[in-house]
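Protein chains in written order, with our numbering: chain B, 1160 to 1502; chain F, 1160 to 1502.
Just so you know, not all the hints are guaranteed correct.
[What the hints assert, rightly or not] Chain B side only, calculated, beta carbon under 7 Å to chain F, not exhaustive:
#: 1; residue: Met1195
#: 2; residue: Arg1197
#: 3; residue: His1257
#: 4; residue: Val1284
#: 5; residue: Ala1288
#: 6; residue: Ala1298
#: 7; residue: His1302
#: 8; residue: Val1316
#: 9; residue: Gln1324
[As the list claims (entries may be wrong)] Now the in silico label distances, taken between C-beta atoms and shown as ranges:
#: 10; chain 1: B; residue 1: Asp1475; chain 2: F; residue 2: Arg1270; range: 46 to 56 Å
#: 11; chain 1: B; residue 1: Thr1266; chain 2: F; residue 2: Glu1330; range: 21 to 31 Å
#: 12; chain 1: F; residue 1: Thr1193; chain 2: B; residue 2: Gly1204; range: 54 to 64 Å
#: 13; chain 1: B; residue 1: Gly1166; chain 2: F; residue 2: Ala1440; range: 16 to 26 Å
#: 14; chain 1: F; residue 1: Arg1167; chain 2: B; residue 2: Asp1340; range: 54 to 64 Å
#: 15; chain 1: B; residue 1: Ala1440; chain 2: F; residue 2: Ala1440; range: 31 to 41 Å
#: 16; chain 1: B; residue 1: Arg1331; chain 2: F; residue 2: Glu1189; range: 18 to 28 Å
#: 17; chain 1: F; residue 1: Asp1451; chain 2: B; residue 2: Gly1301; range: 37 to 47 Å
#: 18; chain 1: F; residue 1: Asp1340; chain 2: B; residue 2: His1269; range: 54 to 64 Å
#: 19; chain 1: B; residue 1: Ala1411; chain 2: F; residue 2: Thr1266; range: 25 to 35 Å
#: 20; chain 1: B; residue 1: Gln1463; chain 2: F; residue 2: Arg1270; range: 40 to 50 Å
#: 21; chain 1: F; residue 1: Ala1186; chain 2: B; residue 2: Pro1303; range: 18 to 28 Å
#: 22; chain 1: B; residue 1: Pro1303; chain 2: F; residue 2: Ala1341; range: 38 to 48 Å
#: 23; chain 1: F; residue 1: Asp1483; chain 2: B; residue 2: Ala1344; range: 27 to 37 Å
No lab work stands behind these hints: they were computed from the structure. All C-beta atoms in this analysis are idealised placements derived from N, C-alpha and C, irrespective of residue type, glycine included.
There are 2 protein chains.
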Amino acid sequence: MPDAMEGREAVELLARTRAVITPHLRATVESLPTSMRRVALDHFGWERTDGAPPGARAGTAIRPALVFAAATAFGGRPEAAVRAAAAVELLHTFTLLHDDVIDADATRHHRPTARTAFGIPDAVVVGDALLAFAPRLIAEDGHPAAAAASARLAACVVELRAGRQADRAFERRAPHDVSLDACLAMAMAKTGALLGCACALGALYAGAGEEEVAAMDAFGREAGLAFQLIDDLIGIWGDPGHAGEPAGADLAAHGKSLPVVAALGSGTPAAVELAALYEGAMGEGAVREAADAVERAGGRDWAQLHAADRMARAVDHLAGAVPDLTAAGELLALAEFVTRRSG
Amino acid sequence: MPDAMEGREAVELLARTRAVITPHLRATVESLPTSMRRVALDHFGWERTDGAPPGARAGTAIRPALVFAAATAFGGRPEAAVRAAAAVELLHTFTLLHDDVIDADATRHHRPTARTAFGIPDAVVVGDALLAFAPRLIAEDGHPAAAAASARLAACVVELRAGRQADRAFERRAPHDVSLDACLAMAMAKTGALLGCACALGALYAGAGEEEVAAMDAFGREAGLAFQLIDDLIGIWGDPGHAGEPAGADLAAHGKSLPVVAALGSGTPAAVELAALYEGAMGEGAVREAADAVERAGGRDWAQLHAADRMARAVDHLAGAVPDLTAAGELLALAEFVTRRSG
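Let's have the full structure, built from the sequences with the hints guiding it.
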C-alpha cells in the first residue's frame, strides 16, 4: 500500500474516533458544575471565553483511536470500548491541564492555557474533576473488563505523573547529570505509558488474554517512545507539516529531551559546545546554536534511528500477540502515522 | 452518657481507625515511584525530609471513622469497608496537597506544605497519584458495592473541587457580593460532600438500601456543614483546645467564611464596619477589628446556633435511616466530637 494511502487510513480512523467519543466527552463536561464547565468547554475549544468563534481544538484522538484499533485487532467490537476510549482521552486532557500548571505554560497550540485564561486554581480543580471521571466512565459500562481496566488506568496515572515529574526535575539538572537511560525511562513513563494503556484497554475489552494484553501494552509503549522521539525532534526543529509552530522552547528551558541528552553524551566537540550553552541563559541566538550543536553531535540522527528501532520493537510485540497482522492493520497505520510527522 | 465519656468514645474510635487504615495508606505510598514516595511520606509525617524526627501527622481520621461507624450502624462488618475507608482518607489527602497549591499556602499544622518543601510540580503530581489510587483501592476489594462506591467517589471529587473553586472565587469578590445561601452551598460542597460520601460508603458496604444510603449521605453532609461552621469559628477566634494555632489568616485573605458572610448580611452598624475593613488590606490590627465586628454583628452567635441546627438536621436524617439509634451510637459520637471543638 502506498504511504499516502496508509496516512489516509489513519486520518480517517482518527476522524471516526473523534466523532464517536466526542458525545461522551461532552456529556462528561456538561455534567460538571457551571464554574468548572466553562473552563473545560474552553479547553476543548467547544465554547470560547476569549470572544473567538468556537472551534473544536485539534486533538489528534490518537489514544482513543488506539483503544478501538486494539479491540478490532482481537476481534472485538470497538463500540463496546467506547467508554474506555473516552476515559483514556479524559486522562490525556487532565494531564494537559495540570502540565500547564506545572510548567507555568501560557499558551498551547497558539491559545491561552486554562492556567492563563482562568488561573491556577481553576486549571487544577478542573483537571482533578476530569481525572476523577475517567475511572467512573469505565465503571459505568458494566463490561467484564472494567475492573482490570480501572486498575490499569490508575497505575498509568501514577506512571504518567512520575514521568512528568522526572521531566521537570531534569530541566534543573546540570547537562551531564541526566543519563540517556534515565531520559528514556522518563519518556517511556511520560508518553509511552498512556499509549500502552490505551492498547491494553482495547485488548482487554475484546477479551484478550493476559499475555496478549501485556504484549499490546508493550506495543503501545514502544510506539509511544517513537512518538516522543519525533515530538522531541519537532520541539527543536519544528514540524515541516505545521510551519509557524514555535520550535526551540524546550531548548530555551534547558530541557533534557532525548536528542539533547544523546548529543550531550556523544563525546564530540559539539557536545562540549552544547553543554557550555546550557550553562547559561538561552536567548534566541543560543537556542539556534544549541539546535545546531545537537545536530552536529549526532543527536538528530540518533533520535531518528532510535525512533525507527522502537517502531521495529513495537511491531515485534504486535506480531507476537496478533499473528495475522492484517487484523492489526489499524494499529500499524496509527503507529506509522504518529511517527511520520518529521517527514 | 456524660459528655466526657462520649468524647472518649470518639477519640478511641479515631485511634482504632488510624490503626486499621494506616497499613493501607502506607502500602499505597510505598507503591509509588521513589520521586513521589518521598513527597507523600513527608506529607503524612512518616519520613521527614526537613531533618526533624518522624512523627505521624495528627490526621483526625474522621472521614474513614465515619465509613466504619456507618457500616456498623447497618449491621455490617467494618473490616469489609477498610479499603473504602482508606480510599476516603486518600481523597482527603489529595485535596490537602492540591489546596495548598491553589491557595499558595506555605504551612499546614506548623509544618511546610508539600508545595513549599518540594514545589508546585511535586505537590500537583503526588496529589494526582493519590486521587488516581482512591478508586483503585475500592475496585480491588471486589465487594458488590464497589461500583456504586466508585461512582459516589467520583461525583464527590467533582463536588469537593467545585466547592474549593467557589471558596477561592469568593475571596476575590466584594463583601456584599456573596450571599449566605451561596456561602452555605460552597461549604456543603467543600466539606459536607466528603463526610456525606464517607457515611454513604459505609452504608453501601453494609448492604443498606438506596434510601438509607441517601439518608446517610444527608446525615454526613449536615454534620459536615456543622463541622465547617465550627472550623470557621476556630479560623477567626482560634481553638481553645489548641492555643497557639494561628487564627485570623482567613480574615487576612478577605475570606468569605460563614460567620463573616452572616455578619455582613446582618444589617447592623458592625456589618458596615466589617465591609469597610474588607475594602482594604488586612493587617494585624484590621484582622482583630474585623473579628470584633463579626462578633458584634452577630456572626459568631449565628454560626454557633446554625451549627447546632445542622446537627439537629443530621440527627433527623440518621433517625429516619436507623430507627434504633443505639446502633448509630458511633456515628453520633463522631458527629458530636467534630462539632464540640469550639467548647
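Hint check:
1. Met1195: Check passed: Cβ of methionine 1195 of chain B comes within 6 Å of chain F, closer than 7 Å.
2. Arg1197: Result: violated, 11 Å to nearest chain F Cβ.
3. His1257: The hint holds - histidine 1257 of chain B has a Cβ within 7 Å of chain F, the shortest such distance being about 6 Å.
4. Val1284: 4 Å, holds
5. Ala1288: 5 Å, holds
6. Ala1298: Hint on alanine 1298 of chain B: holds, closest Cβ of chain F at ~5 Å, below 7 Å.
7. His1302: Violated, about 11 Å.
8. Val1316: Result: holds, 4 Å to nearest chain F Cβ.
9. Gln1324: With a minimum Cβ separation of about 5 Å from chain F (threshold 7 Å), the hint on glutamine 1324 of chain B holds.
10. B:Asp1475 - F:Arg1270: 46 to 56 Å: About 50 Å separates the Cβ atoms of aspartate 1475 of chain B and arginine 1270 of chain F, which means 46 to 56 Å holds.
11. B:Thr1266 - F:Glu1330: 21 to 31 Å: 27 Å, holds
12. F:Thr1193 - B:Gly1204: 54 to 64 Å: 38 Å, violated
13. B:Gly1166 - F:Ala1440: 16 to 26 Å: 60 Å, violated
14. F:Arg1167 - B:Asp1340: 54 to 64 Å: 56 Å, holds
15. B:Ala1440 - F:Ala1440: 31 to 41 Å: 35 Å, holds
16. B:Arg1331 - F:Glu1189: 18 to 28 Å: 26 Å, holds
17. F:Asp1451 - B:Gly1301: 37 to 47 Å: With a Cβ separation near 58 Å, aspartate 1451 of chain F and glycine 1301 of chain B fall outside 37 to 47 Å, so the hint is violated.
18. F:Asp1340 - B:His1269: 54 to 64 Å: 41 Å, violated
19. B:Ala1411 - F:Thr1266: 25 to 35 Å: With a Cβ separation near 34 Å, alanine 1411 of chain B and threonine 1266 of chain F satisfy 25 to 35 Å, so the hint holds.
20. B:Gln1463 - F:Arg1270: 40 to 50 Å: 49 Å, holds
21. F:Ala1186 - B:Pro1303: 18 to 28 Å: 27 Å, holds
22. B:Pro1303 - F:Ala1341: 38 to 48 Å: 44 Å, holds
23. F:Asp1483 - B:Ala1344: 27 to 37 Å: 58 Å, violated
When held up to the earlier numbered hints, the structure conflicts with 2, 7, 12, 13, 17, 18, 23 and fits the remainder.
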